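Whenever a hint applies, use it, and build me the whole structure from the sequences.
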Amino acid sequence: MDDSAAMRLALEQARATGDDDVPVGAVVLDASGDVLAAAGNARELTGDPTAHAEVLALRGAAEAAGTWRLAGATLVVTLEPCPMCAGALALARVDRLVFGTWNYQWGAVGSVWDVLRDPRSPHTPQVSAGVLEEECAAQLRAWFSARRVHPGPSAG
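All residue numbers for the sequence shown refer to this note's numbering, where the first residue is 10 and numbers rise by one.
Calculated from the structure, these hints are not laboratory results.
What follows is a list of derived Cβ distance ranges for each label pair: (1) Pro92 to Gln135: 15 to 23 angstroms; (2) Gly75 to Asp29: 31 to 39 angstroms; (3) Thr76 to Arg157: 42 to 50 angstroms; (4) Arg156 to Ala80: 35 to 43 angstroms; (5) Gly75 to Ser154: 36 to 44 angstroms.
Bear in mind the structure is a predicted one, so any value in this text is a computation, not a measurement. Glycine included, each C-beta is placed from N, C-alpha and C at the ideal position.
Below, the structure written as structure tokens:
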């Protein structure tokens, strides 16, 4: 499966998160390009602060593979991972990360921090950024825009 097709699957996972969770989706592919696991954010749904799409997809992939070592795997996610998720994919020994849009608030793969390219990191996956970037960004913008409080008419 190519990166764009995998990102479309991640976008589907993001759409399926429901109205309360930020729409981020992730897919883990094995070395052959087959889907091992897919997930969307579920922090609000589960009340679990670690229930980011990447972490849930990595857990599912480890279960499907029968090992926590996901060598040969690719993690595809709609938003640049945060420090927790970047650390998790490095610890899982994922070979490749593909992400859609940049996370200028919490990104840890080049925008705010660069956990994966830190010379002290024991595992450095390949990174491909900007895959279907506009589609990924538009989905997030729409979600946040719908939740912003817009001032009403002045009471005067």
